[in-house]
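**Q** Work out the full structure: start from the sequences and follow the hints.
For the record, the sequence lines run as chains S and Y.
Take 1 as the starting number for the first sequence in this note's numbering and just add one per residue.
Take 1001 as the starting number for the second sequence in this note's numbering and just add one per residue.
No wet-lab data here; the hints were simulated from the structure.
One should not assume that every hint holds.
Stated by the list, open to error - Heads up, simulated DMTMM-like pairs for lysine to aspartate or glutamate below, C-alpha to C-alpha not over 20 angstroms straight-line:
no. : chain 1 : residue 1 : chain 2 : residue 2
1   : S       : 69        : Y       : 1085
2   : S       : 210       : S       : 225
3   : S       : 69        : Y       : 1164
4   : S       : 153       : S       : 182
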Amino acid sequence: MMEVRGLISHYGRIQALSGIDLRVEAGELVALVGANGAGKTTLLRALSGVQPLSGGAIWFEGADITRTKPADRVGLGIAQVPEGRQVFGPLSVEDNLKLGTYRRRGPNVAQDIERVYTQFPILKEKRQQAAGTLSGGQQQMLAIGRALMSHPKLLLLDEPSMGLAPLLVEEIFRTVTELKKEGTTIFLVEQNATAALAIADRGYVLETGKVVLEGKGADLLANDEVKAAYLGGV
Amino acid sequence: MLSSFLQFLISGVTVGAIYALCGLGFSIIFNASHVINFAQGEFIMIGAMSAVWLADAGVPLPLAVILAILVTMAVGVLLEKLAVEPARKASVTTLIIITIGASIFLRGLAQEVWDKNFHKLESFSGETPINLLGAVLMPQTIWVLGTAVIVILLLAWFFNRTLEGKAMLATSFNPLAAQLMGINTKRVLLISFGLSAGLGAVGGIVITPITFTAYDNGIMLGLKGFSAAVLGGLGNGAGAVAGGLIVGIAEAMAAGYLSSAYKDAVAFIIILAVLVFMPNGLFGRKGTERV
Ligand SMILES: Nc1ncnc2c1ncn2[C@@H]1O[C@H](COP(=O)(O)OP(=O)(O)O)[C@@H](O)[C@H]1O
Ligand SMILES: [Mg+2]
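**A** Shown next as structure tokens:
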């Protein structure tokens, strides 16, 4: 479904991505794990088109989208739940969800909103409240719900468990697993390597802008190098 | 006593409505870009001068008004495209200086295209005064207030009820997240300049039968609209409307009870007082319902 070849990106003179190759097949849940500063967010920004590239190409459903505008990528079916949730704080929960349909418009908005509310009942309770007043976990649910409103083919998740209490982390990972079961293709970026690799079909390990390991989720979990570098300390 | 107070109030609310529209223009562009567009007053002038020019050339008034609004919106869009967009990566201060440059350029252009004289537009529905508790109400005053109310309600509807309006607000709160929703944030900037220019033009056109217009009329009106926006809290739509009315009424009262020499000073005193004592304006900038 998506393929990335030789992706390079800089912040000024700092090279944040040094030739990334990876792919995500339709229906897969692929995890990308790596320490803080490895370049995970930069990669997701590049996939959504909001990060300037100095080299490489991104293919989506057989088409080269390297130069496609960010807004048009959403139209193609790539949605991102960005790091730090990034909800529209002063707008209501419901308005945040409606904005998720911006590229799609379509007639079933009310129905889709209900679907998100079924998945996250707390959002229904707070539907008229400003998104900024929600707790971190609730904002994460809202950010995920908002991305789902666009009917994405590929969902990019940037550290959805960051800063959440263990119970909430579990709930978020359960949600991600459910979404995969419903057929959404997912690219999950996490520092929480254990949890992410445990639910992933395949995984990549990113270190200072380079993919250093790849394999089945379960194999990476069992890999000694991965264990030593990421699983012990996290 | 009452009748002269009422007379001052009427004239204050009338000019205040124009300051409110101008202040809304400031706020919309500020929300989209954090730029204070000092060419906002020139939008008022261009709207008014084009309407006068078209009407003098024999174009029927309603058509002249519509064309003048469209011309001004085109100027707003061009300003964004040619002067602001290319410098988008520059600091906000640079962008503000660009808008000051643009305002000087537009005044110069107006002087060349038209002239330096004062111009009047005929009143929309006659000049027969209406007596209101001893005060005089001109029919054009009703046009001004009615137009302002309708425009403000339309704006409130646009920003609070339509997806396009909410997308513009979303862009002002979080441009990155807005992009990730598929919102074209460049287009939002363009729309906000077009919209603000249109607001300025509408205000300038309806007030011209009362106050006359000239190529440099935008300076004062722009500064007063700016003080309205600052008073209400830059970026706060309802605040800009309240701020406009307060500035308008305050200066009408000062002119009426003190001396008309103090009229223009009022707006400046308000700007200074707000900046010193309440930098976020009367209503602050935060809140869920900023237009
Ligand atoms: N806005 C920025 N300006 C300069 N350097 C940045 C910026 N954002 C990230 N970086 C650098 O790029 C590298 C990758 O960052 P990032 O993609 O955020 O990593 P991760 O998401 O894996 O924590 C880091 O070295 C970081 O310091
Ligand atoms: Mg990150």
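**Q** Please list, smallest to largest, the hint numbers that this structure does not respect.
**A** none
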